[in-house]
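Per mature numbering (1 follows the signal peptide of the UniProt record, and there is no 0): the sequence shown = residues -20 to -1, 1 to 326.
The set of hints was computed from the structure by calculation and includes no laboratory data.
The C-beta atom is built at its ideal place from N, Cα and C for all residues, glycine as well.
One or more of the hints may lead you astray.
[Unchecked claim] Listed below are the simulated DSS-like cross-link pairs for lysine-lysine, each with C-alpha atoms no more than 25 Å apart in a straight line:
#1 Lys216 with Lys203
#2 Lys206 with Lys157
#3 Lys38 with Lys179
#4 Lys203 with Lys243
#5 Lys216 with Lys38
#6 Lys216 with Lys206
#7 Lys252 with Lys206
#8 Lys243 with Lys179
#9 Lys26 with Lys38
#10 Lys(-15) with Lys38
#11 Lys26 with Lys252
#12 Lys203 with Lys252
#13 Lys(-15) with Lys203
#14 Lys243 with Lys206
#15 Lys179 with Lys26
#16 Lys26 with Lys157
#17 Lys252 with Lys157
[Claimed, not checked] Computed beta-carbon distance windows for the label pairs:
#18 Trp59 with Thr8: 12 to 20 Å
#19 Ile282 with Pro235: 14 to 22 Å
#20 Ile282 with Leu316: 22 to 30 Å
#21 Ile1 with Gln154: 26 to 34 Å
#22 Asp65 with Thr(-11): 29 to 37 Å
#23 Ile307 with Ile1: 47 to 55 Å
#24 Leu(-10) with Met260: 31 to 39 Å
#25 Leu234 with Ile7: 37 to 45 Å
#26 Gln63 with Ser205: 41 to 49 Å
#27 Phe52 with Thr(-11): 27 to 35 Å
#28 Leu270 with Pro317: 18 to 26 Å
#29 Val310 with Leu76: 37 to 45 Å
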Amino acid sequence: MNPQAKLVFTLSLLLGTTLTISSNHWITAWAGLEINTLAILPMISKSHHPRAIEAATKYFLTQATASALVLFSSMNNAWHTGQWDITQLTHPMSCLILTSAIAMKLGLAPFHFWFPEVLQGSPLITGLLLSTVMKFPPMTLLFMTSHSLNPSLLTFMAILSTALGGWMGLNQTQIRKILAFSSISHLGWMAMIISYSPKLTLLNFYLYALMTAAVFLTLSSIKVSKLSVLMTTWTKIPSLNAMLLLTLLSLAGLPPLTGFLPKWLIIQELTKQNMIFAAMTISMLSLLSLFFYLRLAYCATITLPPHTSNHMKQWHTSKPTSTSIAILTVMSTTLLPISPMIYAMV
């Protein structure tokens, strides 16, 4: 892609995200979401491969539908209450439509079907943007309207997302699809707690973005997109592969790694709200996700290919690991001891 074009699309992404997260009016928030959608489409389809074009088309149709629903929800609320302020969403029908629209934007179940297909058709760096940056504006809207949304509906969608994200990721061999189902599962945890502790949802999102960025950048550095290729990369950068193991286990939420912190705090908050059954259910369902994280970690570091592989063994690369990957992987694995300070800062 032309560097000037890439700069324009990146600046448009920043503009769209900033516009949505800083606005109080529904129309400005909607405009920011539209700018974001239009900026990411060329990045998805830049390879001109049929799968990339298909992914861009699916993304455009889904996001256009979700944006139309956001606009319809806000207009319906303004019609009944006379309010265009985002925090003044009070009409029950508007709240229901907005929940569906944001679930579609984020890829929450049962509106999740587009996300694995789009991620599979995108390059790894664009996949990183789709999994983190593009989810931030809808998550902000969910945060601002959390007091108006139906907790029972969000709890149902959260449990469904965690179940489907774990279950559908079990049989995958494409790493981007596995990470897409991982994202759906994590969104379930965020949706579960948004009505009771919105700050905790944002903390969960920040840590999820941190760990996902570390995994995507590592995979991009060692140029891996399938499990069969991942098995042969241990000779390329052994130290990075060892850190990839820890980052994946952190993403799974195992103590004493960073990813355990949001799960621990969410289960604690659900227990305070007397939602013991919901906490038990979502904890048990996260074991499904743990299986495919362990599978990825096992393929990355612990196993050799059981048969003659078509892929050549990779020798040590002369290119040094970038500083950003080093910082992200260290933060993805070592932040648990300072969790009181992190929670106080949010």
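Hint by hint, here is what the structure shows:
1. Only pairs whose Cα atoms come within 25 Å are accepted, and Lys216 paired with Lys203 is accepted, the gap being roughly 10 Å.
2. Distance check on the hinted pair: Lys206 and Lys157 sit about 10 Å apart at the alpha-carbon level, within 25 Å; holds.
3. At roughly 32 Å between alpha-carbon atoms, Lys38 and Lys179 are farther apart than 25 Å, so this suggested pair is violated.
4. Straight-line distance between C-alpha atoms of Lys203 and Lys243 comes to about 30 Å, which puts the hinted pair past the 25 Å bound.
5. At roughly 35 Å between alpha-carbon atoms, Lys216 and Lys38 are farther apart than 25 Å, so this suggested pair is violated.
6. Of the pairs offered as hints, the one joining Lys216 and Lys206 holds, with about 16 Å between alpha carbons and a cut-off of 25 Å not exceeded.
7. For the suggested pair Lys252 and Lys206, the alpha carbons sit about 42 Å apart, so the restraint of at most 25 Å is broken.
8. Between Lys243 and Lys179 the alpha-carbon distance is near 14 Å, which keeps this suggested pair within the 25 Å criterion.
9. At roughly 15 Å between alpha-carbon atoms, Lys26 and Lys38 fall within 25 Å of each other, so this suggested pair holds.
10. Straight-line distance between C-alpha atoms of Lys(-15) and Lys38 comes to about 22 Å, which keeps the hinted pair within the 25 Å bound.
11. Distance check on the hinted pair: Lys26 and Lys252 sit about 48 Å apart at the alpha-carbon level, beyond 25 Å; violated.
12. Proximity of Lys203 to Lys252 is assessed by CA-CA distance (about 44 Å); at most 25 Å being required, the pair is judged violated.
13. Between Lys(-15) and Lys203, the direct Cα distance comes to roughly 21 Å. Compliance with the 25 Å bound is thereby established for this hinted pair.
14. At most 25 Å may separate the alpha-carbon atoms for a hinted pair to count; Lys243 and Lys206 exceed this at roughly 28 Å.
15. Distance check on the hinted pair: Lys179 and Lys26 sit about 36 Å apart at the alpha-carbon level, beyond 25 Å; violated.
16. For the hint linking Lys26 to Lys157, the alpha-carbon distance of about 19 Å falls within 25 Å, and the restraint holds.
17. The straight-line distance between the Cα atoms of Lys252 and Lys157 is roughly 35 Å, outside the 25 Å bound, and the hint therefore fails.
18. Distance hint check for Trp59 and Thr8: the Cβ-Cβ separation is about 19 Å, which falls inside the suggested range of 12 to 20 Å.
19. A hinted range of 14 to 22 Å for the beta carbons of Ile282 and Pro235 is consistent with their spacing of about 20 Å.
20. Range check, Ile282 to Leu316: Cβ separation about 23 Å, and the 22 to 30 Å hint holds.
21. The supplied range of 26 to 34 Å is met by Ile1 and Gln154, whose beta-carbon atoms lie about 32 Å from each other.
22. Between Asp65 and Thr(-11), the C-beta spacing of about 31 Å keeps the proposed range 29 to 37 Å intact.
23. Checked against the hint of 47 to 55 Å, the C-beta distance between Ile307 and Ile1 comes to roughly 24 Å, which is inconsistent with it.
24. Here the CB-CB span from Leu(-10) to Met260 is close to 46 Å, at odds with the stated 31 to 39 Å.
25. Between Leu234 and Ile7 the C-beta distance comes to about 44 Å, which sits within the given range of 37 to 45 Å.
26. Separated by about 47 Å at the C-beta atoms, Gln63 and Ser205 satisfy the suggested range of 41 to 49 Å.
27. The beta-carbon spacing between Phe52 and Thr(-11), approximately 30 Å, falls within the hinted interval of 27 to 35 Å.
28. Range check, Leu270 to Pro317: about 22 Å between beta-carbon atoms, so the 18 to 26 Å window is met.
29. Distance hint check: the CB atoms of Val310 and Leu76 are about 43 Å apart, consistent with the given range 37 to 45 Å.
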